[in-house]
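Asker: Just so you know, the protein sequences line up as chains B and L, in that order. Those letters in the first sequence? Residues 403 to 512, by our numbering. Those letters in the second sequence? Residues 200 to 1105, by our numbering.
Hints are supplied without guarantee of correctness; some may be wrong.
Only pairs whose alpha carbons sit at most 25 Å apart, straight line, appear in this in silico BS3-like list of lysine-lysine [claimed, not checked]:
hint, chain 1, residue 1, chain 2, residue 2
1, B, Lys-485, B, Lys-421
2, B, Lys-421, B, Lys-486
3, L, Lys-263, L, Lys-216
4, L, Lys-263, B, Lys-446
5, L, Lys-238, B, Lys-446
6, L, Lys-263, L, Lys-238
Because the hints were derived from the structure by calculation, they are not lab data. Since we're looking at a predicted model, the values are computed, not measured.
Residues per chain are reported as follows:
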Amino acid sequence: MERNQANLLQGTLDLLILKAFGDDEFHGLGIARRVEQITQGTFKVRPGSLFPALHRMEEAGWLTSFWGESENNRRAKYYRRTKKGERQLGIETEQWATISRAIASALKAN
Amino acid sequence: MESLRRLASALRNLQHKQQIESDLDMEIRSYVQALTDEKIASGISPAEGRRQALVETGGLEQVKQAVRDGQGSTAIQSVMQDVRYGLRQLWHNPAFSCTAVITLGLGIGATTAIFSAVYALLIRPLPYPGSDRLMEISEVNPKQNEYGGPMVSPDFVAAQSSLRNFESIAGSEAMGDMNLTGSGDPIRVRVAGITANFLSQLHVTPEVGRGFLSSEDRKGGPAVVLLSHGLWRSKFGEDPKVVGRSITLEGQSRTVVGVLPAGFIFPDSEVEPDLYVPTGFDSDTTITQNTQVHMVRVIGKLSTRAHLEEAQTELKLFAANRAKGYPVFLASFMEQRVFVAEPLHRFITGNNRKPLLILLACVGAVLLIACANVTNLQLARSVARQHEMALRGALGAGRLRLVRQSLIESLMLAAISAVLGIGTATLLTWLIRRGGMPGGSSSSLGFAEILQVPFGKLSAAVEMNGGVLAFTAGLVLMTTVLIGILPAISGSRWDLRAALQGGTRRISAGRGDRRVRKILLTTEIGLAVVLLTGAGLLIRSFVNVLHNDSGFDPRQCLTAELQRNYTEAPEKTVGFVGRLLQRLQGLPGVQTAAISSSLPLQSIAPNTAVLPGDGPIPPIGQWPVSYGISITPDYLRSAGIHLLSGRGFSESDDADSAPVVIVSKLFAEHNYNGSALGKQIRTNINSRGADQFTRRTIVGVVQDVRYNGAEANMEPVIYLPLKQVRQTSLTILLRSNIAPGSLSSAVRRAVIETDSDQPVFNLQTMEGRISQLVAQRRLIMLLIASFALLALLLAGVGVYGVFMYWVSQRRQEMGIRLALGSTRGGLLRLILIQAARLILVGGSLGLAAAWFLDRMLASALVGVRVHDPVSLTLAWALMTLFALAGTGLPALHASRTDIVSVLHSE
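With the rest of the complex left out, here is chain B (with noise of 0.2 Å):
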């Protein structure tokens, strides 16, 4: 899976995320273990490219960040899917879908 993950499209990892977060707020650890969940385990998001992927999000204004306290009472970043990250979940979704319905049909051709 090591070379798949390296592989990992950059579009589809953000997809991932956004789909992960639900109505829901995680910090970094959290998000990656319900990626890692709704995927069946087939992702496992490491921080080197889980961290990068939120920063950037943040920037493009799909999330919002707050620090909270953790489940242990540690102190954590966790964030936020905002209406805008909502949207592009939508774009996103209907790109994979039409990726997906092509690479499946290039595949069944002969």
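Chain L: place on chain B using the hints.
Answerer: Same frame as chain B, but now just chain L:
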């Protein structure tokens, strides 16, 4: 919108850099902590849990860097980091930085200065709206000369009404200098005739009053005049009521109708008239034996739809049609004549074009050599900095980042050099402008004197401006790439492990680097040889021009010019000359004094029709013309012209005595195989009419004298007694036994005392005249010679630097060679042979290039030919010697290698 927001956020991030960094740190730490907690919760011991968490996270620094790289602010931040780092690097290596900055600064400065001249003289559009459609129309007649000349007025008048490809056609006529009297001191003014549409075609409106009306521009029209702004200021105190006043020009009263605006420049590279009068050409376009023609400089404005080629075709047809209407005796003469249109801009800058472009090429070559030198320095440094680069690589800097860092360092270097360069260039252009300004000649700065006026009045426009600065910015970028790209690539190429492991041992440059350095070095040497050859050719030409025997002795001579009214009766002129001469001869310090129609080296035109003593008079237009100079008896003695046979003129050769003539040696050889004495010729000054020939006896033959500048060929000339042949353009020539310049005011006074209405102009020593004549040649020679010297120095330093480095890299090898029994002389030879091979290759390349390129200078050579073996050999020998000297020190250094210390350092 999006990009704006990103930029804003980037700027915000820059502002709160500290805060953001600590937040990021905290965030990553809390991630690791959360992961550890997870591990502990699954039953792993706290210490092992933390260890696993850290391993899974990967390097904390790398994660942070990845986040920073993804942010907009990072790009700016890291560039600023690189800039700071680059400046620190330069600061800590003052020897390297100073060498590089001075080398590049001089290169950039000189290139910028030369370019500013090129820009002002060749590129910047003329100051007339729509000037790209303005064409100079000139007559080219292979039977007369190869260059274009003015049109005759009947052709011009015909062209005005018949050429369809031109929106308008305007003409001007140089009327020379005239005396302006009747308003204060008499002064000499330069006058041009212009057609009524001349100003409107250039979109120029008079500042005061109006331009000429077409009703005024006709034969026998009213005597009106336009003033230049300069004359209006100096002579009339900018009086707005000057319009309507009358002034006296050459004894004729004229009414002022207007004043031209301050910024107006007459479209001619040399002449800038003070006064303008209507041309008043005859509207009759036929040419007969008796037609009085004027020579007209023609400027046509191409109509918007027309192309230059169509216009050329039309002009050819026009020329053919005109020739049909010519009288029979002119028809054959006009057979090959054509009219040619060329852009006015090109016409005005014509003579300056080539020398300026050659200068630009030379200075560009110097800059290239400077770049090659700095590249070599950088390459050497990049080897020394290899360890540093490897370390930076290990700490997470990508290869691109390293290349960028290195390029930014080069950019810093180029930018600092450009500041120095712009300073140099500003100073140089200021000096050029000063030289170009009227009155600038009195400057005591010797350097400014050298830069004076050689490029005509447009040099007053040489300045640093937006266009030039943009060019400099381009130079900086080019320099950056030239000096930065090779070191950047070679510096980022290191195998990290090898570099770090081998950190204690010195690692010499790779094969590729060595080859690059050798190529750079041979190129430098080659370019320097080319420049040296060019300089050699020009220096030899200049020396030849100076030592050209012009047939007279310019030392101890003071000269001045006068102009009498054209309309004056000959006896009056002769009377004036006699009285003036008497005063001049009486001045203390004057040995001999003479008055003549021309001075040696002065521009003269063939003005006298000369026929053999007998035979029929051929039709007008087929009369052979020669240079006829009217002189007073002491002219030959004052100028130091040797009488070869016969006698000189005396005071008794006057209007009542037998007509006589003295001829030059060339004239005698051409016409009489040398034995001209006693022969008769018929002369006709200004080719007046067939009945105006006078039969004269040749009483003397004199040595040939050069006229028309310091470089022209000697021409056959005849000398006439001024009392017999009066001319109205006069010159004074004094030979003194004191410093001739000190006589100036006495001469001026003598003229005023003789005739209070008579202005004197161009009062200067003969040597001063000569230095003005060779000013442009001298400037170009000096510039190219200094560029060549700079190139020689830079190439020499380059050779020294490369071999010094090479030797320092091979100390071990030298030590081992010595240990194995090589002699010190052997080591010296080893290095010298290596160097000599490179120098020979560079020199040969340079010789080959010079052989091809020196023809660019062909037109500027006097007394030497292209491929001049002396210049080529000297250039090659000088460079080779210099380069060998440059290797001498490193070679000596190598031969003194101390075996013990080398072996110890292992």
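Asker: Hint compliance check: list the failing hint numbers for this structure, sorted ascending.
Answerer: none
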